[in-house]
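Undergrad: Given next are the chains, with one letter for each unit.
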Amino acid sequence: MKRGISLKVNGLVCEVYANPGETLLFCLRERLGLIGAKEGCGDGECGACMVLIDGLPRNSCLVLLGDVENREITTVEGLSVNGGLTSLQEAFVAKGAIQCGFCTPGFVVSATALLARNPSPSEAEIREAVAGNLCRCTGYAKIVEAIQAAACGEECVREDGSLGTSVARLDAVEKVTGKAQFGADVSRPGQLWGAVVRSTRPHARIVDIDTAKALAMPGVAVAVTGAELTPGLYYGVDLFDQQVLARGKVRHVGEPVALVAAETPELAAEAAAAVEVTYEDLPPVHDIDAALAPDASLIHEDLMDYEAGWDAIREGNACSATYITRGDTDAALATCDRVFTHTFETQIIHQSYIEPHAGLAEADANGKVTIWTTNQKPFAVRRYMSQALGWPMTKIRVIGMHIGGGFGGKLEMGLEPYAALLALKSRRSVKMAMSRKEEFQAANPRHASRITITTGVNRDMKMVARRAEVLLDTGAYSGNGPTAVGLSMFLVTGPYRLDNVDLSGKAVYTNKTSSGSCRGPGGPQAVFAGESQIDIIAREMGWDPLAFRLANVVEEGDVLGAGQRLQDVGVRECLEQAAAAINWGGEEEPDEGVGLACSWWTSGGWATSALINLNEDGTVTLITGAVDIGPGAKYTSLPQLVADELQLKPGDVIVSSCDTDTSPYDHGDGGSRMTYNVGRACQMAAEELRTVILERAARTLGVAEDLLELVPDGVRLLGHEEKALTLAEIAERGRVLVDGPIQGRASFLADMPSWDTDACRGLTYPSFLAPSFSAQAVRVRVDRQTGQVRVLEAAAAMDVGRAINPMAVEGQLEGGFAMGMGYGLLEEVKMREGVVINPNFLDYKLPTAVDMPVVKPIIVEEPSITGVHGVKGVGEPPASLPAAAIANAVDDAVGARLMRVPLTQETVLDALDAAGTTGS
Amino acid sequence: MRRFKHFDASSLDEAVSLLARFEGRAKVIAGGTDIVGTLKDSVLPEPYEALVNIKTIPGLEGIRNGAGVLKIGALTRLEDIAHNETVQTKYAALAQAARVVATPHIREMGTIAGNICQNTRCWYYRCAHNRFHCVRKGHAAPGQSLECFASDGDNRYHSIFGDVKDCLAVNPSDTIPALIALGATLKTTKRSIAVKDIFPPSDEPTKMTIIDSDEIVIEVEIPEPQASSRSAYHKVAIRKSIDFPIVNCAAVVDFEGDVVKDCHICLNAVHYKPYVPERAEALLEGEPLTDEQAATAGEAAVWGAKPLPMNSYKITMAKGLVKKILIACREAG
Ligand code: FES
Ligand code: FES
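Residue numbers (the numbering used here), protein chains in the order written: chain A, 1 to 920; chain B, 1 to 333.
There may be inaccurate statements among the hints.
Unchecked claim - As a list, the in silico PhoX-like pairs of lysine-lysine whose alpha-carbon atoms are at most 25 Å apart:
no., chain 1, residue 1, chain 2, residue 2
1, B, 90, B, 71
2, B, 71, B, 240
3, A, 213, A, 179
4, A, 2, B, 27
5, B, 240, A, 830
6, B, 137, B, 196
7, B, 306, A, 8
8, B, 55, B, 40
9, B, 240, B, 324
10, B, 324, B, 306
11, B, 240, B, 27
12, A, 830, B, 71
13, B, 240, A, 2
14, B, 306, B, 261
15, A, 395, A, 368
16, A, 213, B, 40
17, B, 55, B, 190
18, A, 2, B, 5
19, B, 40, A, 830
20, B, 5, B, 196
21, B, 207, B, 27
22, B, 40, A, 2
23, B, 27, B, 55
24, B, 165, B, 55
25, A, 213, A, 395
26, B, 207, B, 40
27, A, 425, A, 368
28, A, 213, B, 55
29, B, 5, A, 8
30, A, 723, A, 249
Worth flagging that the hints you see were computed from the coordinates, not collected in a lab.
Because the structure is a prediction, the values reported are computed rather than measured.
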């Protein structure tokens with residue numbers, strides 16, 4: 001029932017021909033090209049789609065076109081005046097309120113409405129006004145700060161300074177105005193919409209797939225099933241056990257079985273539902289115990305035949321087994337004063353980036369497919385697709401769009417091969433986006449775990465041995481399980497000096513959604529288990545948990561992990577500062593308690609390269625294959641490092657986007673690796689550029705190179721005030737006179753620290769590059785009537801080596817704490833027979849602005865000898881500690897020790913009930 | 001989202017006849033915050049064919065303070081109720097309830113009638129694409145027997161007062177307990193009916209209310225409380241925003257000095273319909289409202305509760321909540 005509908009958007013009247021039952025969000029984005037309103041959930045729960053209707057903020061995903069005829073609609077695009085930013089937008093940019101930026105337009109719209117009706121709101125009023133907007137990146141701290149700044153009329157000046165200053169992100173303006181293009185923001189005239197037919201069974205043989213009914217529907221263009229693909233091709237992160245479309249059998253609910261493309265998203269969804277798949281159910285394996293049972297049904301019959309990228313130990317349903325042994329744990333445990341054994345469990349959580357997977361694919365005349373996508377590893381997507389589909393890389397081009405948060409969840413292939421297959425078959429452009437429900441059911445969440453730890457201590461507060469068994473439920477495919485389990489084992493010992501460790505780990509297949517990487521994979525599980533036990537022991541022994549930790553933390557030269565020797569260790573300072581920040585050891589109110597946790601982590605490695613061109617005006621273009629999922633290295637520390645080397649300002653650096661056809665290779669954004677690795681390559685390329693500049697200048701001026709120095713915007717003779725040549729002159733000479741354009745380039749692959757190869761087996765990632773150290777402290781209050789745990793105060797300290805951009809580092813500490821607090825208190829993906837029963841942001845609970853305490857970020861700098869300017873990786877660790885710190889604080893507050901996260905109200909209340917201490 | 005027809009009704013008569021024409025396959029849309037999600041997710045085995053927009057009907061919005069009665073138009077937005085001065089002073093429980101529904105943005109869209117008539121949030125029932133075709137949805141295929149997936153599933157947020165016809169879902173409304181405690185009445189296109197009476201008898205589990213598919217709520221009327229009475233509302237929810245209650249409760253207590261003259265308590269999210277703990281009300285009346293009395297009333301309020309394997313904690317919560325609300329009424333002077 002389409003009809004003409006007249007809308008008034010951003011002051012202009014526009015007439016659309018549409019169904020009045022269409023959502024306003026769809027119309028704005030797809031008909032009017034106003035992509036500033038984002039779809040994060042489609043259910044009114046995330047606020048990314050916020051627009052003003054007659055001045056009031058509304059979730060445009062719930063508003064039907066017919067209901068807004070002739071009403072005043074203002075989108076984020078309509079806020080800025082004459083192309084400039086509003087003072088609120090300016091504050092968002094300057095205060096670091098923007099990370100991935102996907103939530104930003106929604107927050108800006110909500111806050112604009114707030115300030116219009118209440119020009120000087122309190123902090124509580126600000127938080128309340130954005131309580132319907134979810135942000136996964138920032139922890140809300142800097143967003144609230146920005147709104148406060150705008151309300152007070154504070155003049156917000158963007159920094160454009162040197163290393164160590166809080167330069168505003170180079171992509172902030174496009175994000176705050178809604179212009180930045182994310183995965184779902186690319187469109188082509190005449191595009192089709194793709195949809196995935198997903199398994200409804202946890203474990204079943206596919207008997208038949210019939211697409212006839214779907215194809216007969218008007219408006220449905222093509223369908224693709226696994227039978228059309230080259231058989232026998234697998235891909236994977238470490239273990240190649242996955243196919244693009246299920247063949248033979250399905251191993252989890254949500255597994256892609258077939259594809260369809262149609263004229264509209266609704267039609268595509270209906271067509272997907274009309275594809276008839278006949279299954280023959282196999283016995284499902286729902287948890288670790290069932291998977292490891294001797295008679296368990298095998299999820300991968302061909303496990304032993306899969307290719308693996310490392311020396312894999314595998315058996316039955318365990319796709320990877322890993323061992324680390326140092327010293328003699330049995331003997332040490334036999335002689336120490338006390339031995340403690342505990343088992344801890346953790347849940348599945350979803351990364352919950354607010355931007356669902358999305359992208360568009362298009363094929364050219366040669367059958368080469370270009371895919372615009374929101375993936376953390378565009379080069380790996382090309383590699384995986386080539387492996388899994390048997391296409392040469394000359395037929396695949398991946399272009400990285402802005403990424404609306406990743407947290408590891410977009411490290412693996414998402415929709416890319418599907419859109420590509422549909423585009424090839426239909427010869428049309430195909431756009432795809434996952435719904436929030438699909439995200440929960442079929443992306444790659446964090447592993448659930450069961451960890452058993454035995455620790456021996458002596459009465460002198462020394463830990464002498466730790467034994468741990470780490471079991472990760474990796475779901476239907478190995479995903480990042482083999483690496484996550486190894487990382488977990490590294491973390492489960494804590495950053496403690498231990499001469500005797502005996503660690504084993506398994507990543508176990510089950511018929512659940514396959515788990516992948518999530519911010520510090522394996523980390524929060526191990527830290528929750530290991531650091532909870534530290535407190536249990538301390539309390540049992542009558543020791544102060546801080547003192548116990550300080551008595552055992554590693555120092556320079558100690559051995560950790562798989563036998564690597566440590567350098568540049570800042571853990572003691574982190575612990576002391578975090579504890580002091582919440583007044584550790586001070587008076588406590590009734591039902592209040594404090595808790596601590598500390599840990600270590602790697603600066604991720606992996607190969608990278610960079611290319612820098614000197615432009616004709618003396619600015620530079622940094623061409624990198626790096627993408628950014630939100631932390632912002634690409635738009636802060638990388639240009640800062642380049643600028644520093646070349647005496648420029650970060651604003652003088654153009655940063656390219658990633659295109660596998662034109663960008664130099666980079667591994668991808670994940671593993672806390674960006675500044676350490678890509679930063680190093682950028683610095684090296686800039687150094688080369690600088691050398692070339694000086695060489696050329698020397699030749700032009702006819703002097704020796706060592707008589708020249710680089711100064712802002714040019715080169716001068718030592719001891720002279722005046723510039724001899726400007727960079728523009730040097731560049732232009734190269735372009736038109738001699739030697740050609742000026743470039744610097746670098747390739748970089750970090751050397752991993754050496755480890756004890758005899759001490760470990762089956763590890764995919766055997767040593768930690770430039771380890772970082774962290775400690776967090778919290779103060780909580782427990783409500784004995786409701787079981788509710790409120791974090792009142794939190795401090796997140798991290799030894800980051802060197803903070804190239806302190807504001808960006810703070811953003812990681814604050815946002816990481818929020819994510820970790822969600823893990824500790826609120827979040828869990830719940831399944832029934834493999835079906836996720838809470839696949840939405842109502843039942844799956846991310847912390848909102850009104851739930852977050854103020855988090856005090858503490859930057860500790862113990863420079864890494866191997867890091868560029870001393871840096872260590874920052875992104876992941878802050879999310880690994882909060883659960884442990886909170887659990888420890890809850891025990892301190894009310895004497896309830898919880899062995900499983902999340903510490904939801906009902907589990908706390910049940911624990912209090914069991915202890916007979918509910919009520920007041 | 002499934003495609004459906006969308007009608008703008010210009011009068012109640014037109015809306016009613018449209019609804020009647022679709023014989024239960026059409027739904028009223030006002031704020032849209034509940035129904036649009038249900039449609040998008042294809043929650044029901046047989047989706048609605050049409051939506052009838054009643055925001056185009058004049059006169060259904062606004063708060064009017066009449067002689068001894070407050071009239072709230074069906075389409076009045078929750079945010080407007082929360083901030084209305086009369087509601088805040090004389091009908092505090094309602095203002096407090098409206099104030100904590102979902103998010104501020106949803107409160108700007110959601111209406112009072114929608115909050116009263118909203119569907120359950122049981123996660124099995126709500127699972128997209130009708131993944132769990134449960135007893136509440138009915139429409140069993142021949143030979144299919146329908147079950148409640150919460151009974152052997154994750155029932156931490158389900159009923160603590162047993163099932164109705166096997167269904168364990170609860171009523172999640174924030175405002176209903178306040179309206180019931182305040183003695184509100186609904187005026188619809190068919191009748192005038194006390195809010196406490198709009199819930200189906202226990203043999204009709206698929207319906208949230210007995211309001212017919214072609215019946216439209218026009219107005220909520222609340223009698224002015226005695227000057228000597230005070231009301232309060234509180235909700236226990238996981239987060240401070242977005243969430244539905246795990247348990248919520250409203251009470252209106254009329255005092256004569258310290259002594260409780262009359263008292264109305266209503267819990268929600270504990271049973272398929274709002275739960276009025278009559279034992280608790282009875283034991284309070286005629287007695288001074290001490291802390292001990294409030295605690296005893298809390299105990300009495302959950303008398304007869306039959307927790308499920310995962311939700312006995314809700315009983316602890318409900319007890320504490322009743323006590324807290326009663327004390328809040330006492331202190332609210
Ligand atoms: S997309 Fe509208 S609230 Fe999430
Ligand atoms: S910046 Fe808010 S979700 Fe990424």
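Undergrad: Against each hint, give a clear statement of whether it holds in the structure.
TA: Cross-check of the supplied hints:
For a cut-off of 25 Å, the pair hint linking residue 90/B to residue 71/B stands: about 13 Å separates their Cα positions. Taking the CA atoms of residue 71/B and residue 240/B, the gap is near 29 Å; set against the 25 Å cutoff, the hint is violated. Distance restraint check for residue 213/A and residue 179/A: the Cα-Cα separation of roughly 40 Å exceeds the 25 Å cut-off, and the hinted pair is therefore not satisfied. Annotation: proposed proximity of residue 2/A to residue 27/B holds, straight-line Cα distance about 20 Å (limit 25 Å).
With a C-alpha separation of about 21 Å, the suggested pairing of residue 240/B with residue 830/A holds against the 25 Å cut-off. Using a Cα cut-off of 25 Å, the hinted pair residue 137/B and residue 196/B holds, with the two alpha carbons roughly 24 Å apart. At most 25 Å may separate the alpha-carbon atoms for a hinted pair to count; residue 306/B and residue 8/A exceed this at roughly 55 Å. At roughly 21 Å between alpha-carbon atoms, residue 55/B and residue 40/B fall within 25 Å of each other, so this suggested pair holds.
A hinted pair counts as satisfied when its Cα atoms are at most 25 Å apart, and residue 240/B with residue 324/B qualifies at roughly 18 Å. A C-alpha spacing of about 22 Å is found between residue 324/B and residue 306/B, which places the hinted pair at or below 25 Å, so the restraint holds. This hinted pair does not check out: residue 240/B and residue 27/B have alpha carbons roughly 30 Å apart, beyond 25 Å. Proposed proximity of residue 830/A and residue 71/B is contradicted: the alpha carbons are some 43 Å apart, above 25 Å.
Our distance criterion of 25 Å between C-alpha atoms is broken by residue 240/B and residue 2/A, whose separation comes to about 40 Å. As the CA atoms of residue 306/B and residue 261/B are separated by approximately 31 Å, the hinted pair breaks the 25 Å bound. For a cut-off of 25 Å, the pair hint linking residue 395/A to residue 368/A stands: about 4 Å separates their Cα positions. For a cut-off of 25 Å, the pair hint linking residue 213/A to residue 40/B stands: about 22 Å separates their Cα positions.
Restraint check: the Cα-Cα separation between residue 55/B and residue 190/B comes to about 19 Å, which is no more than 25 Å; the hinted pair holds. For the hint pairing residue 2/A with residue 5/B, the CA-to-CA distance comes to about 10 Å; that is within 25 Å, so the pair holds. Pair hint residue 40/B plus residue 830/A holds up; C-alpha atoms about 21 Å apart against a cutoff of 25 Å. Proximity of residue 5/B to residue 196/B is assessed by CA-CA distance (about 33 Å); at most 25 Å being required, the pair is judged violated.
About 14 Å separates the Cα atoms of residue 207/B and residue 27/B, which keeps this hinted pair within 25 Å; it holds. A hinted pair counts as satisfied when its Cα atoms are at most 25 Å apart, and residue 40/B with residue 2/A qualifies at roughly 18 Å. Straight-line distance between C-alpha atoms of residue 27/B and residue 55/B comes to about 13 Å, which keeps the hinted pair within the 25 Å bound. Among the hinted pairs, residue 165/B with residue 55/B is inconsistent with the structure: their alpha-carbon atoms are about 35 Å apart, more than 25 Å.
Between residue 213/A and residue 395/A, the direct Cα distance comes to roughly 32 Å. Violation of the 25 Å bound is thereby established for this hinted pair. Taking the CA atoms of residue 207/B and residue 40/B, the gap is about 20 Å. The hint holds against a cut of 25 Å. Taking the CA atoms of residue 425/A and residue 368/A, the gap is about 12 Å. The hint holds against a cut of 25 Å. A C-alpha spacing of about 39 Å is found between residue 213/A and residue 55/B, which places the hinted pair above 25 Å, so the restraint is violated.
Only pairs whose Cα atoms come within 25 Å are accepted, and residue 5/B paired with residue 8/A is accepted, the gap being roughly 23 Å. Taken as a hint, the residue 723/A and residue 249/A pair is broken in the structure, with Cα atoms around 71 Å apart against an allowance of 25 Å.
Consistency with the previously given hints fails for numbers 2, 3, 7, 11, 12, 13, 14, 20, 24, 25, 28, 30, ordered from lowest to highest.
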